[in-house]
Each structure stands twice: as structure tokens, then as C-alpha cells.
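For the sequence shown, position 176 (counting from the first letter as 1) is numbered 176 according to the numbering used here, and the numbering increases by one without interruption.
Accuracy of the hints is not assured; some may be wrong.
Claimed, not checked - Label pairs and their in silico Cβ distance ranges:
hint, residue 1, residue 2, range
1, Arg219, Ile12, 18 to 26 Å
2, Gln161, Gly127, 45 to 53 Å
3, Arg95, Leu207, 26 to 34 Å
4, Met1, Trp214, 27 to 35 Å
5, Phe49, Arg219, 50 to 58 Å
6, Trp30, Arg162, 29 to 37 Å
7, Phe9, Tyr212, 21 to 29 Å
To be verified - Below are the DMTMM-like pairs computed for lysine to aspartate or glutamate, each with C-alpha atoms no more than 25 Å apart in a straight line:
hint, residue 1, residue 2
8, Lys34, Asp22
9, Lys163, Glu25
10, Lys220, Glu59
Since the hints were made in silico from the structure, they are not lab data.
No residue lacks a Cβ here, since even glycine has one placed at the ideal position from N, Cα and C.
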Amino acid sequence: MLLIFVSVFPVIVIMIYIYFRDKYEKEPLWLLIKAFAGGILSAVATILFFVPFHNSLPEFQNVFANAMFKAFFGAAIPEEIFKFIFLYLIIWKNRNFNEYYDGIIYAVFVSLGFACLENIFYVTEHGMGVGIARGIFAVPGHALDGVIMGYFLSLARFMPQRKTEFIFKSLFYAILAHGIYDFLLFYASGISESSPALSVLAMLVFLVFIIYIWRLGFRKINRHVEASVFKR
């Protein structure tokens, strides 16, 4: 039970924060719950449709190439595609998607649904230490991928003349952020024995990237919050 709590707690904290950043027109709770459930289903879809092929992914002798391939083709691309599909199906035509911040809040709730199920699997299998580390890095990482995805999805919604461009950016930049995050971790782990110094350097770059992506996420949240049509 404690491990389940550790798995779910960071998800709840981020959901509360994202919900209360919506200053001008709160979203209906039933639709947020639907988005969260959609995120859980996106994780299930990833497991059902992609995981059977995961073990057949090629292994490269070069650690850099192997980490890059696994990060993008083994994680970022399938995960973000399934998140995007469920996000789009749930909110794109919904009348409650009526201001810029809405894209972010729904995308984050979808991402946190995915992260919640994934976190439960990882933490119950690997224990408290992994739960704490994932609560600090992995769960917020999924949320920030959602911020990026939702930011551009809102632009696609409210700038229809550039819909195709922003739909592409919504998915592309979420995949890019997710892929870089995983690549740095995979690479640092892959060279930890053969080149400890380079592994430490990769982890330092990872921490710099985390700081950058957090700052970027908060800027995008602030920008869309203040662009609300309900602001007086």
C-alpha cells in the first residue's frame, strides 16, 4: 500500500497544481477524469500494441546509437503517439476546449494518467528508491511533455489556418523532449562501467536539460493562462 501511495502521490500533486493554475474558467471535473482515464488507456494501448515488439528492437554495439534508438523508438515515439491519439479524441471537438490553457490542462491529465499506471508498475517492482526518483523526475517529465503537447494543440485549435503545422509541432516537440530525457539516462547507464567520467557528464547534462524543460514548461503555462478569453 505504501508503494502505491508513493507511485500516485506525485501525480496527484501535479494535477492539483495544474488544475488551480486555470484561473479564469475551471474545466469540468468529469472531463478531467475522462482525460486522466484516457491517459491510463494510452498506457494500456502502448503495452498491448508495442511492448510485444519491444524485445525485437535491434541492439547496436555503439552505446550512443543504442541509447538514441531505444529512447526514441522504444519509448518516446510510441508513448507520445498513443497519448496524443487519446488526447485528440477526448477534447478536440469538445465545447469545453474553449481557451488556450485548456489544451495544456487536458494534455497534462492524459500524460499523468499514463505516468500513474507506468509508475505503479515500476515502483511496485523496484521499490521505494525508484518511487522517490521517479516522483522527482519521471512523473514531472511526463507532465512537462504534456505541457508541450497541449501548448501547440491549443494553437492548432485557435489558429485553424495553421492547424496542420501546430498539430505536427504538438506531437514532434513532445516526442523530442521525451526522447532527449530518456536518451541521456540510457546513455549514462550504458557507459557507467566503461567510462564513469562520461557517464557523470551525461547525468550533468540531464540535470541541465531538466532545469531547462521545467523553465520552458512554466513559461508556456503562464503564456496560455494569461491569453485566456475569460480574463477580465
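Each hint tested on the structure:
1. Arg219 / Ile12: 18 to 26 Å: Because 24 Å falls inside the window, the suggested range holds.
2. Gln161 / Gly127: 45 to 53 Å: Check passed, 51 Å falls within 45 to 53 Å.
3. Arg95 / Leu207: 26 to 34 Å: violated, 42 Å
4. Met1 / Trp214: 27 to 35 Å: holds, 31 Å
5. Phe49 / Arg219: 50 to 58 Å: Since the Cβ atoms of Phe49 and Arg219 sit about 34 Å apart, the hinted range of 50 to 58 Å is violated.
6. Trp30 / Arg162: 29 to 37 Å: holds, 31 Å
7. Phe9 / Tyr212: 21 to 29 Å: holds, 25 Å
8. Lys34 / Asp22: Holds, because 18 Å separates the two Cα atoms, which is no more than 25 Å.
9. Lys163 / Glu25: holds, 24 Å
10. Lys220 / Glu59: Distance ~37 Å between Lys220 and Glu59 Cα, so the pair is violated.
Figure legend: structure checked against the earlier numbered hints; hints not met, in rising order: 3, 5, 10.
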